[in-house]
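Starting from the given sequences, assemble the full structure and let the hints guide the process.
Number of protein chains: 4
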Amino acid sequence: METMGRSRTNPAPTAPATARGRRTRDALLGAGRELLETRGWAAFTPEQVAQAAGVSYGTFYTYFESKDDLLRAIVRAVAEEMFTESLVAPDTADEPYVRIVESNRGYLRAWRNASRVLRLVEQGADSDDALRRMLLEVRERYVHRGAEGLRRLQEAGLADRDLDPRLTAIVLGAMVEQMAHVIYSLREPLDEDEVVNHMSRLWASAIGLREHP
Amino acid sequence: METMGRSRTNPAPTAPATARGRRTRDALLGAGRELLETRGWAAFTPEQVAQAAGVSYGTFYTYFESKDDLLRAIVRAVAEEMFTESLVAPDTADEPYVRIVESNRGYLRAWRNASRVLRLVEQGADSDDALRRMLLEVRERYVHRGAEGLRRLQEAGLADRDLDPRLTAIVLGAMVEQMAHVIYSLREPLDEDEVVNHMSRLWASAIGLREHP
Amino acid sequence: METMGRSRTNPAPTAPATARGRRTRDALLGAGRELLETRGWAAFTPEQVAQAAGVSYGTFYTYFESKDDLLRAIVRAVAEEMFTESLVAPDTADEPYVRIVESNRGYLRAWRNASRVLRLVEQGADSDDALRRMLLEVRERYVHRGAEGLRRLQEAGLADRDLDPRLTAIVLGAMVEQMAHVIYSLREPLDEDEVVNHMSRLWASAIGLREHP
Amino acid sequence: METMGRSRTNPAPTAPATARGRRTRDALLGAGRELLETRGWAAFTPEQVAQAAGVSYGTFYTYFESKDDLLRAIVRAVAEEMFTESLVAPDTADEPYVRIVESNRGYLRAWRNASRVLRLVEQGADSDDALRRMLLEVRERYVHRGAEGLRRLQEAGLADRDLDPRLTAIVLGAMVEQMAHVIYSLREPLDEDEVVNHMSRLWASAIGLREHP
DNA sequence: GATGAATGAGCCTTCATTCAT
DNA sequence: TATGAATGAAGGCTCATTCAT
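Chains as they are written, first to last, in our numbering: chain R, 3 to 215; chain P, 3 to 215; chain W, 3 to 215; chain S, 3 to 215.
Some hints could be false.
Which copy is meant is left open, so a pair is good if it fits within one copy or across any two.
[Claimed, not checked] Below are the SDA-like pairs computed for lysine to any residue, each with C-alpha atoms no more than 20 Å apart in a straight line:
no. : residue 1 : residue 2
1   : LYS69     : GLY42
2   : LYS69     : ARG25
3   : LYS69     : ASP130
4   : LYS69     : TYR186
5   : LYS69     : ALA79
6   : LYS69     : ALA44
7   : LYS69     : LEU137
8   : LYS69     : ASP96
9   : LYS69     : GLN125
10  : LYS69     : ALA132
11  : LYS69     : ALA206
12  : LYS69     : GLY23
13  : LYS69     : ASP28
14  : LYS69     : ARG189
15  : LYS69     : GLU97
16  : LYS69     : GLU213
Calculated directly from the structure, the hints in this document are not laboratory data.
Structure, rendered in structure tokens:
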């Protein structure tokens, strides 16, 4: 962002050919993400990323075409982590309420890692379609999953049948995402477990959860 | 020594003494806010603000000490608008549910205008205490108001008595704020009225709202 | 947030790692000093310094943190030159009067090179403690040396014993320094040798110099 | 300086026609001098001068064509003061040594008031001939006076006959001027009377002063 | 490939001067 | 004449990117 769309005269970096190259690239990626998450835009400069990764300034451009290129790679990594995380959430528990609690805990944690980066990126993404698409995809995945969960409960007669699953998932998902921001970024002094329990309780009441049909 | 010592020697801008001055200052304030809301950080430069306000570059500094000074003034204006808006939300309706709907509509609108600016600022406020304090104050005001509303319902026997009012207000407030972002910034294609109704319904169920004690 | 918070995020310049770097830094230092000496404050801008050194604007900041940083480096260089110059002044001559002549010649030359820069800086040093300290140190060094010389003459019974060495050194040092200014900056049309001889004669009479005890 | 030589489009201010106008002009002149003497170039801006004089910004240009115009007026005032001061120094005392002491005291005081301003101006005067001429004239006046005094002593057989009066006056004048700077600007902690006495003693020895022919 | 110097467009800010009222 | 707002050229500094070795 800022500089997006500048004409490229750089040789486009290709995938590292050697193991050493891969390590260097990973170090840059990790350092960039760390910097972005912990110190914001201001610290996210090629020079500081390179330094944090322990390589020289010029090396940055051996592995990334530009600062934005690194940013895209970071978002890609964050998005993939969220996908992975969303898969491990076990739908296997017996009790619907327990499933909701676990699911909320999982969401909260997923957003905890992602929301710093994602919010930062959201503001610059106006001009970058690749980024915007990634962001939307991440969100959509969570919405979809929530909607499917609700639909199953409705079909089992365990939740209000006349709630629109998708809209409900969007709204309740919004709640969880913003709570992650409130807790982890704004540092409202709240206990994570307490929040998870409270959110789950509100969520359960909101959809009219019943333990038995 | 002319150029040594970057310390400001000229007096800081004071309130405009003439009507013309007030008009110019308002134009700059408005232009700055508009630019920030619609085009983000990138467009928020003194030069572009001045140009958008139809005055010359130097005039910016007749009214604002710095770019950050304007930013603070914008946030102050946004915060005041939110307060004003929050006051018009009528607590006078008879039916609790109607009150919730109206209140949610009010919240959504308040955040609609504010959330672009507020989110932008949230990320830059790392280094500016005045800004951070303003942001916290805005949020706290909304949380407080929500908590009081819930407490009254509980005392009237119209809502679950064992919900912690403050935590509940934080969580449900988070839901509304993030929905404003989803609708107005991410442009998820949702109908505002539908969202208000749905949120209100979920909210009402969540707190176990009863029409009569 | 890109543009918020003027705090430096990039690392401060370090000593050049390569010979090329060293050459460039020296060129900037030399150009800066030259500009300051010959054209005063007005010409002492990073842009003009860079241009005079034959490098681009940005390169200035590869080697100096700021304009003031360069100024400090220049003063440091000038001060070191004066120290060096003061050392070569031979205390080895047999005749006290010859020593005074040589010493005055040395002082005059030392101030000749330094006084432009030092006077300029004296007026800007209000705000910079590092600079002020350097200036005081340079002066003190000369005063100290003059006082020691006089003390030795007094102990040898070659000069008035009741002159306070330090005060005398300050006063006579002031004479030499200002004469350097008068000759080299104000360009009073005087012959350097003649001035040296005259000053030495006045100096010798002033302290009651005797060739033999 | 700095901006000297900018083309003038201002209406040239004329001498104030009214008493009120004269007072305002004097207030600006006084405020400007005060600012220059006590706070240096940095504080010497039309805006601050106007404020210190208790008039509005724009009024400055009613009385002075430009900042440099005020500067010239200040230098003129300082120079006139020095002339006046140089006249009051009584050549009437009987004892030559007492005359020297009084004369040095007078010089020191004259330079005390002037040297701050004069040194400041010296650095910018490269480009302004009117200023440079004033500065040289001030100095010349003092040199001339010193040389005449010495010549009279020589003719009376009270001082070394083979000292060149003018060169001697230049050198000893330099001593006094620089001591004023050392005491009043650099704030070397010296007692004024002690310095006057010491300088006079050195001066007297230097010219081989005798009380009686 | 890796390194670190070089580049320059762009941004923030100041301030001498002009202008409208 | 007095006022205070308006102007814009000039200067300091940053940082993404390119280049020479």
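| Identical-chain pair category, LYS69 with ARG25, by Cα at 20 Å | within (19 Å within a copy, 31 Å between copies)
| message | Reference check for the pair LYS69 and GLY42, CA-CA at most 20 Å: within, between, both, or neither? | response | Classified as both: same-chain Cα gap 14 Å, cross-chain 19 Å, threshold 20 Å.
| query | For the identical chains here, do LYS69 and ALA44 meet the 20 Å Cα criterion within one copy, between copies, both, or neither? | reply | both (13 Å within a copy, 16 Å between copies)
| task | Classify it for me, LYS69 with GLY23: is the Cα-Cα distance of at most 20 Å met within a copy, between copies, both or neither? | result | within (18 Å within a copy, 26 Å between copies)
| Same-copy or cross-copy closeness of LYS69 to ALA79 [CA-CA at most 20 Å] | within (15 Å within a copy, 34 Å between copies)
| query | Under a CA distance limit of 20 Å, which applies to LYS69 and GLU213: within one copy, between copies, both, or neither? | reply | Neither way: LYS69 and GLU213 sit 51 Å apart in one copy and 57 Å across, limit 20 Å.
| 20 Å Cα cut-off: does LYS69 pair with ASP28 within a copy, between copies, both or neither? | Close inside one copy (15 Å), not across copies (32 Å); limit 20 Å.
| task | Please work out whether the CA atoms of LYS69 and LEU137 approach to 20 Å or closer within one copy, between two copies, in both situations, or in neither? | result | within (18 Å within a copy, 30 Å between copies)
| field | Intra- versus inter-copy proximity for GLU97 and LYS69 (alpha-carbon distance at most 20 Å) | value | Neither: 47 Å inside a copy, 55 Å across copies.
| request: With 20 Å as the alpha-carbon cut-off, assign the pair LYS69 and ASP96 to within, between, both or neither. | output: neither (47 Å within a copy, 57 Å between copies)
| Intra- versus inter-subunit Cα pairing at 20 Å for LYS69 with TYR186 | Neither: 26 Å inside a chain and 28 Å across chains, both beyond 20 Å.
| request: Could you place LYS69 and ASP130 in one of the four classes (within, between, both, neither) given a Cα distance threshold of 20 Å? | output: For LYS69 and ASP130, the Cα distance is within 20 Å only inside one copy (12 Å; across copies 26 Å).
Hints 4, 8, 11, 14, 15, 16, counting from the list given before, are not met by this structure.
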